[in-house]
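**Student:** Protein chains in written order, with the numbering used here: chain B, 2 to 191; chain W, 695 to 933.
Hints in this document: simulated from the structure, not taken from any laboratory.
As the structure is a computational prediction, the values presented were derived from the model and not from experiment.
Note that the Cβ used here is the ideal one computed from N, Cα and C, for glycine as well.
Among the hints, erroneous ones may be present.
What the hints assert, rightly or not - Here are a few chain W residues that sit away from chain B, every Cβ distance over 12 Å (derived from the structure):
#  : residue
1  : Glu-714
2  : Leu-752
3  : Ala-758
4  : Ala-801
5  : Gly-808
6  : Val-858
7  : Glu-863
8  : Gln-871
9  : Ala-878
10 : Ala-879
11 : Arg-890
As the list claims (entries may be wrong) - Computed list of lysine to aspartate or glutamate pairs in DMTMM-like fashion (alpha-carbon distance at most 25 Å, straight line):
#  : chain 1 : residue 1 : chain 2 : residue 2
12 : B       : Lys-69    : B       : Asp-119
13 : B       : Lys-88    : B       : Glu-140
14 : B       : Lys-88    : B       : Glu-17
15 : B       : Lys-132   : W       : Glu-723
16 : B       : Lys-186   : W       : Asp-760
17 : W       : Lys-709   : W       : Glu-723
18 : B       : Lys-69    : W       : Glu-734
19 : B       : Lys-69    : W       : Glu-869
20 : W       : Lys-843   : W       : Glu-881
21 : B       : Lys-63    : B       : Glu-11
22 : W       : Lys-860   : B       : Asp-119
23 : B       : Lys-69    : W       : Glu-711
24 : B       : Lys-186   : W       : Glu-711
25 : W       : Lys-709   : B       : Glu-17
26 : W       : Lys-860   : B       : Glu-140
27 : W       : Lys-860   : B       : Glu-44
28 : B       : Lys-88    : B       : Glu-44
29 : B       : Lys-132   : B       : Asp-19
30 : B       : Lys-132   : W       : Glu-886
31 : B       : Lys-63    : B       : Glu-17
32 : B       : Lys-69    : W       : Glu-723
33 : B       : Lys-132   : B       : Asp-67
34 : B       : Lys-186   : W       : Asp-755
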Amino acid sequence: MEFSDNQLIEQTLAGETDAFSALVHRWERQIYGLSFRMLGRDEDARDVCQETFLAAFRNLSKFRGDAKFSSWLYRIALNACHTRLRKQGTMPARSIDQEDEDGRKFELPDLLSESVPDRLHHDQRARIVRKALQALPAEMRQVIIMKEYHEMTFAEIADVTRTPVSTVKSRLYTGLQQMRARLEKQRAVI
Amino acid sequence: MKHESSNQTGKQTGKCERHEDLLDYLYEEMSSQQAATFAEHLGACPTCTTELQGLQRLRTDLRAWDFVAAPSLEIVIPRSPWQALKECFQLFPLWGRGAFALSAAAATLLMAFGAFSLMRGATVSPANIVAVPSTTTVTQTVALTPEIKAQVEAQVAATVTTTVAKAVEQAVAQERQSLRTQMAAFESRTAEQQVRVQTVARQLRELQTRHDALLAEQQPSLRRLMAEYSDTGNANNER
Numbered sequence: 002m003e004f005s006d007n008q009l010i011e012q013t014l015a016g017e018t019d020a021f022s023a024l025v026h027r028w029e030r031q032i033y034g035l036s037f038r039m040l041g042r043d044e045d046a047r048d049v050c051q052e053t054f055l056a057a058f059r060n061l062s063k064f065r066g067d068a069k070f071s072s073w074l075y076r077i078a079l080n081a082c083h084t085r086l087r088k089q090g091t092m093p094a095r096s097i098d099q100e101d102e103d104g105r106k107f108e109l110p111d112l113l114s115e116s117v118p119d120r121l122h123h124d125q126r127a128r129i130v131r132k133a134l135q136a137l138p139a140e141m142r143q144v145i146i147m148k149e150y151h152e153m154t155f156a157e158i159a160d161v162t163r164t165p166v167s168t169v170k171s172r173l174y175t176g177l178q179q180m181r182a183r184l185e186k187q188r189a190v191i
Numbered sequence: 695m696k697h698e699s700s701n702q703t704g705k706q707t708g709k710c711e712r713h714e715d716l717l718d719y720l721y722e723e724m725s726s727q728q729a730a731t732f733a734e735h736l737g738a739c740p741t742c743t744t745e746l747q748g749l750q751r752l753r754t755d756l757r758a759w760d761f762v763a764a765p766s767l768e769i770v771i772p773r774s775p776w777q778a779l780k781e782c783f784q785l786f787p788l789w790g791r792g793a794f795a796l797s798a799a800a801a802t803l804l805m806a807f808g809a810f811s812l813m814r815g816a817t818v819s820p821a822n823i824v825a826v827p828s829t830t831t832v833t834q835t836v837a838l839t840p841e842i843k844a845q846v847e848a849q850v851a852a853t854v855t856t857t858v859a860k861a862v863e864q865a866v867a868q869e870r871q872s873l874r875t876q877m878a879a880f881e882s883r884t885a886e887q888q889v890r891v892q893t894v895a896r897q898l899r900e901l902q903t904r905h906d907a908l909l910a911e912q913q914p915s916l917r918r919l920m921a922e923y924s925d926t927g928n929a930n931n932e933r
């Protein structure tokens, strides 16, 4: 029998710490994925994950059951990402290429059936996509990430970002167009 | 969802501004009727068709940056002192917890009994204390008739039994709850593993297809090389 998020929250509030561990296990992959794509570094993504779940645990009693737990969690994670990005903004920017060591180890494993040229081609393609995505403003980037990699609906994204659906669509469209323009230039490379 | 110009299906020659509809169509967030209407529009609007193709290509590119799994994270949730104590208590086996509860109950009763005896001692009137030697006073204070003693013993036994039963019941309930939670976590993990396996299987299939395509692509040049090799061999033999 699998407990729903709300059941696990109730159990946690009743003092069952294991119930919260189950919630963490259920959502850590998504939160890590979101943070990693937002920030581009494994270390930062791990920190954001830790901060997100800690904040969720501390404020669990404030969570209103009428909203989805995942939306609430995504919102906390995005806030943490934005805080970190603001801090990074005051520091010298790092090149995405220098961060490939962090990123690559969590990408597709080197499958036996994949030849070396295929693997290189895939890596190169992933790097170009990553650069294009990182070059976007955070508001556009987060919408693209939630839509493309987390398969959220426009309404869900609007709920997480607390913006109207029309704003979500507008940001998504502009972001996709900017990425497209950038990638079209490099189409020959991809 | 509002579609500002969903009835526009005519041929578009200039700039078409149906971005929202285009996104709804691209991400399949339209009703089938709206999708059919927009598909009709696409047939007549080269701007939207080009846009759609470009966005579909972009989505394929975006999928290149994928990773199968996140590294295993260690999220440390701080425990309150009460929780830590409770978890420490749960580490003991059931009999240990029962014994602890029994000892605690016995100690409590002993203290209550001691307090009760002291109170009884305190109720003795000062006149008695003065009239009777101190040793006699003590004897009078703690001495119990066999009936009262039997009554107290029965009460103590009943209280201890109830307390122990409650403690055991509570421990069993906690054990059950913990097992249920662990089971749920295990099931959730199994489901995730299945999804991962399916993802890897899908990727393997895709890779196999790409591999086959590459092989098919390379086959003419391989044949040519084989033919060249064969020709060279024949020429050498003739020589």
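**Student:** Give a verdict on every hint.
**Tutor:** Now for the hints, and whether the structure bears them out:
1. Glu-714: violated (5 Å)
2. Leu-752: The assertion about W:Leu-752 is violated, with a minimum of 5 Å to chain B.
3. Ala-758: Given that some Cβ of chain B is not farther than 12 Å from that of W:Ala-758, nearest at about 4 Å, it is violated.
4. Ala-801: holds (25 Å)
5. Gly-808: Its Cβ never comes within 12 Å of chain B, the nearest being 33 Å, so this holds.
6. Val-858: holds (23 Å)
7. Glu-863: holds (17 Å)
8. Gln-871: violated (7 Å)
9. Ala-878: Violated, since 5 Å does not exceed 12 Å.
10. Ala-879: With a cut-off of 12 Å, W:Ala-879 comes too close to chain B, as the shortest Cβ separation is near 4 Å.
11. Arg-890: Check fails; 10 Å does not lie beyond 12 Å.
12. B:Lys-69 / B:Asp-119: Distance of about 40 Å is beyond 25 Å: violated.
13. B:Lys-88 / B:Glu-140: holds (16 Å)
14. B:Lys-88 / B:Glu-17: Violated: B:Lys-88 and B:Glu-17 sit about 36 Å apart, past 25 Å.
15. B:Lys-132 / W:Glu-723: Not OK: B:Lys-132 and W:Glu-723 at ~28 Å, beyond 25 Å, violated.
16. B:Lys-186 / W:Asp-760: Holds - the C-alpha atoms of W:Asp-760 and B:Lys-186 are around 22 Å apart, at most 25 Å.
17. W:Lys-709 / W:Glu-723: holds (23 Å)
18. B:Lys-69 / W:Glu-734: violated (36 Å)
19. B:Lys-69 / W:Glu-869: violated (29 Å)
20. W:Lys-843 / W:Glu-881: Cα-Cα ~56 Å, so violated.
21. B:Lys-63 / B:Glu-11: holds (12 Å)
22. W:Lys-860 / B:Asp-119: violated (66 Å)
23. B:Lys-69 / W:Glu-711: Violated - the C-alpha atoms of W:Glu-711 and B:Lys-69 are around 33 Å apart, more than 25 Å.
24. B:Lys-186 / W:Glu-711: holds (24 Å)
25. W:Lys-709 / B:Glu-17: Given pair W:Lys-709, B:Glu-17 is violated - Cα atoms ~59 Å apart, limit 25 Å.
26. W:Lys-860 / B:Glu-140: violated (56 Å)
27. W:Lys-860 / B:Glu-44: violated (48 Å)
28. B:Lys-88 / B:Glu-44: Holds: B:Lys-88 and B:Glu-44 sit about 15 Å apart, inside 25 Å.
29. B:Lys-132 / B:Asp-19: violated (39 Å)
30. B:Lys-132 / W:Glu-886: The hint is violated at about 29 Å.
31. B:Lys-63 / B:Glu-17: holds (17 Å)
32. B:Lys-69 / W:Glu-723: holds (20 Å)
33. B:Lys-132 / B:Asp-67: violated (38 Å)
34. B:Lys-186 / W:Asp-755: holds (13 Å)
Hint check: violations occur at hints 1, 2, 3, 8, 9, 10, 11, 12, 14, 15, 18, 19, 20, 22, 23, 25, 26, 27, 29, 30, 33; the rest are consistent with the structure.
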